[in-house]
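Enquirer: Position chain B relative to chain A; hints supplied.
Chains A and B, in that order, are what the protein sequence lines are.
For the first sequence, the working numbering puts the final residue at 255, and the numbers step up evenly by one.
For the second sequence, the working numbering puts the final residue at 398, and the numbers step up evenly by one.
Some hints here could point you the wrong way.
According to the in silico footprint, chain B covers these stretches of chain A (three or more CB under 8 Å from chain B) [said to hold, decoys possible]:
#1 53-64
#2 76-84
#3 97-107
#4 131-137
In short, the hints are calculated from the structure, not lab data.
We put the CB at the ideal spot given by N, CA and C, even for glycine.
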Amino acid sequence: MSSALLDVDAIAKTFAGTTVLAPTSLRVEEGSFVSIVGPSGCGKSTLFNIIAGLLVPDSGGDVRVSGSSVLGLSGHVGYMLQKDLLVPWRTVEDNITMVARLTRRVSDDDRREARDIATRYGLGEFLNHYPKALSGGMRQRVAFMRTLVAHQPLLLLDEPFGALDAQTRLEMQSWLLNVWRETGRTVLFITHDVDESIFLSDRILVMSPRPGRVVADLPNTLARPRELDVLTDPQFIELKSTIMHLLHSRESA
Amino acid sequence: MKKTLRSVLIPLISIGIVGLIWQLVIVGFHVQPYVAPKPWDAVMAVIQNWGLLWPLVLGTIRETVYGFFFGAILGVVLGVVMSKLELIRRLVYPLLVLSQAVPIIALASPLVLILGFSVTPKIVIVAWIVFFPVTVNVVDGLTHVDQDLLNLARVYGASSWRTFTQIELPGISTPLFSGLKIGATYAVGGAIIAELVGSTGSSLAFYQEHASANLQTPAVYGTTLVMTVIGIGWFLLVAGVEMLLTPWQRRNVARRRRVARPAADQ
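So here's chain B without its partners, still in its complex pose:
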């Protein structure tokens, strides 16, 4: 329990320190309130406008989550196919790099022209950002699976499907989740850029633009805080799923003595 408390407390302290530095800079350098607000004023701007912000927040979360899932699935499938088929890997790798060399903002405009001002181009952009680190890590993980372990499976006559599900796939959990966590961090950023280019009014990015145009400085900064919190929250959720799915990373002993095992274990 003491350990859990500490793991929550220490990040909170570091966030508190950043807030404190922010406060000191504003006060110490006499920063004008229309340039930058004090941290608490930014937070208050969020709280006061929460009724207006909440549906926009939900919209951004939806784009982030859908885009993340499409990107993650695409990333894993592409990574597996590329690691299994040499020709596909050679064909696709340059395209992968190319896809990430295109500036996202330059990608957003044509996507809006193609897909319209709907939620679709936003999901596509988030997926576009998320799939790349996932694919790279899956390919890397699968090409580095212990050859002796694969030989062990071969000696006993394991099928390639069982070798994949029992040895290769669980064996890449660490690089896979690294890719997913990188993707999770960038996902919200992608959603905001897409909103900036492709919204007609009801989005978090548009709200911030509007606040900026009207010199509502605390609201501008407050919106940035909200976007950041969404990003952190999504990262923590993915990291939490990793912890749940990979108990052997943290524990020495499996949690339960399992007498009858569920059917998932085939």
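Next up, chain A with everything else stripped away, as it sits in the complex:
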């Protein structure tokens, strides 16, 4: 059993008397890919913002990365949203190195790394393009590369492909799996797309709405590397039905 890279211990959040997130605990092992699925309003983005250090939780809980508490601190996660958050005045290369630019001087090594990674993962032709010249899928790739070269131990991805069309989303999921396998990073992935969570993850945490909490922690033993044909694998269908049941029974309750 490998050590937990992320250890969320009894984190809760109340806004103006309303409990958005009931005390929640979860662990993410180093090198694993864990998804959180849940309907909107289940507090997954609140949880995400607490882990990222943007929100301070109610007192009592703790968030540890590699064993040390990071409550209210910044600079320990890579962070990516449905919005690509590329700045229009920077080229693809300069957007990839944006995190370095925000925290220190951008070095030649940073630029070389950005060019290497863009070339390796299919954006080599677009290094000098401004974001507006790219499609939605390409922009999300750039955003993910920006997240990768920030060199944080944990990547937090909040519905990164939520705004893409179904075809592009499938392409991006395969692409992400490929990059994840080759770079060996730890990912916590938030989505409301059940197929997406099963296709990508080692473990799936199912959350319930109001107050949000984890109601199931499901291992996913589908063999890797996964191709698109796992979408029709009996094991996939079974897992999907379990998750759908959990989500649906909670919603109608």
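Expert: Here is chain B on its own, set in the frame of chain A:
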């Protein structure tokens, strides 16, 4: 190249049409030459008196440019301070509105009393006009910067200075230049009003007054043309600087593959 040609040609055509209408009105309604000249006569009045006009033109340009720069700098600094400090914003906003509610002509006389018949009150008046649209646009731009983008900077532990220089400041380029272009358009008008109130003889406004008093109608209209050209020229210069500084607005691909970057990019 075809595109550049067109972007020059079309404005010239529209100016030509205005000149043509002017000509037709004068001829068609038998307007007396002491009331309004034909456009070409106004242009000729400028050309014939160019030796006299040129130093006056330079004077107006100087007031406009200095006033614009002081106004622009004041506008940006005030806009940034107001957007960062809530208390300052509440304190200063009413004063801003008040400053622009005062008629400029009513402001010019006391300024001349305070600062004398020098170039200073003219620069102050131009700056007074220019800073307002700049400040309003900077405040507006900075209060509408994407909160998620600011969160991104926070997650990675960016300092507020780097967040400002890397995200907020470049992010407001469009409203900032809108404010600067509005300011540029009004700047010459401010300089002329100031000259009207506060000159002892050698200014474009005074020259026009003098021509009017002597019924030199073509020179009166010619001076108006010159003032307009200064205004248009200054606007175009500011718009040109915007184009140079914001290449991402027009291009899909950055111009050069930059191997070694200059030190400005920190």
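Enquirer: Counting residues of the region 97-107 of chain A whose CB is closer than 8 Å to a CB in chain B, do you get three or more?
Expert: holds (count 6)
Enquirer: For the region 76-84 of chain A, do at least 3 residues have a Cβ located nearer than 8 Å to some Cβ of chain B?
Expert: Per the Cβ count (5), the hint holds.
Enquirer: With a C-beta cutoff of 8 Å, work out whether three or more residues of the region 53-64 of chain A approach chain B closely enough for the coverage to hold.
Expert: holds (count 3)
Enquirer: Count the residues of the region 131-137 of chain A with a beta-carbon closer than 8 Å to any beta-carbon of chain B: does the count reach three?
Expert: n = 4 at 8 Å, threshold three: holds.
Violated hints: none; the structure is consistent with every hint.
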